[in-house]
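Engineer: Take the sequences, apply the hints, and build the full model.
If you're matching them up, the sequences are chains X and E in order. Under the numbering used here, the residues of the first sequence are numbered 657 to 1103, in order. Under the numbering used here, the residues of the second sequence are numbered 8 to 295, in order.
Take these hints with a grain of salt, some might be off.
[As the list claims (entries may be wrong)] Ranges between beta-carbon positions, derived for each pair:
| # | chain 1 | residue 1 | chain 2 | residue 2 | range |
| --- | --- | --- | --- | --- | --- |
| 1 | X | G760 | E | K121 | 38 to 46 Å |
| 2 | X | G977 | E | V225 | 26 to 34 Å |
| 3 | X | Y749 | E | T244 | 20 to 28 Å |
FYI, nobody ran anything at the bench for these hints, they're computed from the structure. Backbone N, C-alpha and C define an ideal beta-carbon position, used for all residues, glycine too.
Now for the letters of each chain:
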Amino acid sequence: MTKLKTFIRGGIHPRGNKRAAKLPITILEPPKQATIPLSQSLGAPSVPIVNKGDDIKVGQLIAKGEAFISSNIHSSVSGKVNKIDTVLDSTGYRKISVIIDVEGDEWVEGIDRSTTIKRECNLSKEEVVAIIKDKGIVGLGGATFPTHIKYMIPKDRTPEYLIINGVECEPMLSADHRLMLEKGMEILIGIEILMKALGVDKAMIGIENNKPDAIEHLTNLSKDFKGITVHALKVKYPQGAEKQLINSLVGRKVPSGKLPIDVGCVVNNSGTAYAIYEAVQKNKPLIDRIVTVTGPFVKEPGNYQVRIGTPITDLIEKSGGIPEDTGKIINGGPMMGKAILTHEIPVSKGTSGIVLFPEAEANRVPMLNCIRCTKCVMVCPMGLEPYLLAVQAEFSKFEGAEKHWIMDCIECGSCQYTCPSGRPLLDFIRLGKNKVGTIIRNRTTKK
Amino acid sequence: MNPILTALIILGVLGLVFGIIIYFVGEKFKVIEDPLIDEIAELLPGGNCGGCGLAGCHAFAEALVTARSFEGINCPVGGAVLEGQIAHLLGIDPVEKEPDIAVVRCNGTFENAKSKLKYDGPATCAFAHNLFVGESGCPNSCLGLGDCEVSCPFDAIHINSKTGLPIVDEDKCVACGACVKACPRSIIELRPKGKKSRRIYVCCTNKEKGAIARKNCVVACIGCGKCVTVCPHDAITMENNLAYIDPQKCKLCRKCAPVCPTGAILELNFPPRKEVVAKDGLSISTEA
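Structural biologist: Now the structure itself:
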């Protein structure tokens, strides 16, 4: 047996706890009222182009991404616009959203809703990228970076590999896993389209070894596709991070401050590949996604295909309601996700999972002094010194933090996970990154 | 020759040569500084707090001596007494300026703004502000984690553990503005201290619509505009559902506070209110 690939530096092994991994994806009905936030991707919020009282169909464009980093947003339901108002988002601040009262389920003409698989695609590079932009596709791994920007390759760079992230290294979540099992063919066609858009002839799918069924399924299917290979990877968090995945699969290191394209790679999530298949072949904009609802005491965990804008209460109810002693609800996975303030927020393009934790597991351990064990240094996948960065950020020594590459931190949380003193390392590093980022921005704008 | 004598001669000659060089270099690059700068710097408090907006006390003295006037240059720590002394030294007239004080514009105590969540992350406001809205749900509320307390060089602001809000020590606060810069939500403002420390201000910075603001905090400004209509001096303006009392225009007539339906307007250090009978015969307020 050959040795499994993985990234070289750092990494941790949290327990998988993938309770929903064996459960097929359930398609949920559209909600009674959909709240579609207008800032669903990284970058500037989209600008609404509908008004109160407008009749809307499924798939209709309701907000345009006008800034460079921004994306289009389409309606996921049909009905009437109730209002355009500020609504609580997962941080508790109010963000502008379009609220739609759902009536029926009427789709915009031209969207192919059948499940028949369509493989031929005769579009040119530019046409594919234009469709990706038009249909509001963003990275569905959780970071929600608008995908079309990744495909605007600078002239002096040549892509060599397309890398597809099927790692799903977040514990507990299984949305990508299920999607690869159930929509494998579609994902592969999506990859084929992306390869053409990039002009590369090699694509690699990285899947962690704890999903043998998905590896086998995709390996069998990929025999039909030229240039697509499936690679089993050793289980290690954060393998799903862009730079770590490139290191695992291609063996290259992305230098500090550079992008994957600088080493000839473009990385996309498997969910994004599926969304691109649907956008290009079926003309369907990004209006739904797969969400895993799970937790140690959730009655019926599950993977759901839901429309964007569905309140997460609906999802939790489908999974048997909120368990009695729930202390924390997390939007995303337990490692990278954020605790949410209210369960009335809607599903957005970046919601990959909802995890409910009981009170006993929800609290932090008390913070003790740093004992200089350097465990955090050993697990840091970027080769940073988290203990040092955290202290520098805590005491506002931002110059020193910048010198120690605080901006390279990918916020994976491995340091905090491993710290025996329970120090909130990542929290302080995030604070430091925020401040250092502002300092750098001020400096560059001054010049 | 005696080795000791040799060493002495060599060192002596070297010393002489370098001494001469240093003398000429010193003459050539002489920095002439007004002796007044040092004299004034000696008078200053010497805390280097930066409250004047300059790099420190020496920079302040320098700026004063070059400008020869108090226009735009003010040491909030020294106040009028210091200004008199400096004016005497420089031979100019002191400028009368009312002393300022830091004012915390949030009254969201544990009782007024009930906590809906529990935050157990790092205790810095800057981080918590980026992370979430605050325990009460008000996006402009004081987070009570004490960035202002840490930033204060004069030990004049402290978080009250009973209310979760900072309290400004009136005797110690010199209005240097360190806390104003430290607060990520811009809750703290410098306002004139007022005669006998009497002040009236809107103790809220929430810009949400009234109903939403009120849901999170019972003493929030709901933007009803009653105070704006009642003010005889046009001192109150309403912007983004939030009233603001201009301290320069406010004559401390106390008409606005009783009409505020939520009690967001605070009066400090006033004598208790007598029963006032309005024109329509209803009593407005008997509150202290």
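Engineer: All the hints need checking, so say for each whether the structure fits it.
Structural biologist: Structure-based check of each hint:
no. : hint                        : result
1   : X/G760 - E/K121: 38 to 46 Å : holds (41 Å)
2   : X/G977 - E/V225: 26 to 34 Å : holds (32 Å)
3   : X/Y749 - E/T244: 20 to 28 Å : holds (25 Å)
Comparing the model with each numbered hint stated earlier shows that all of them hold.
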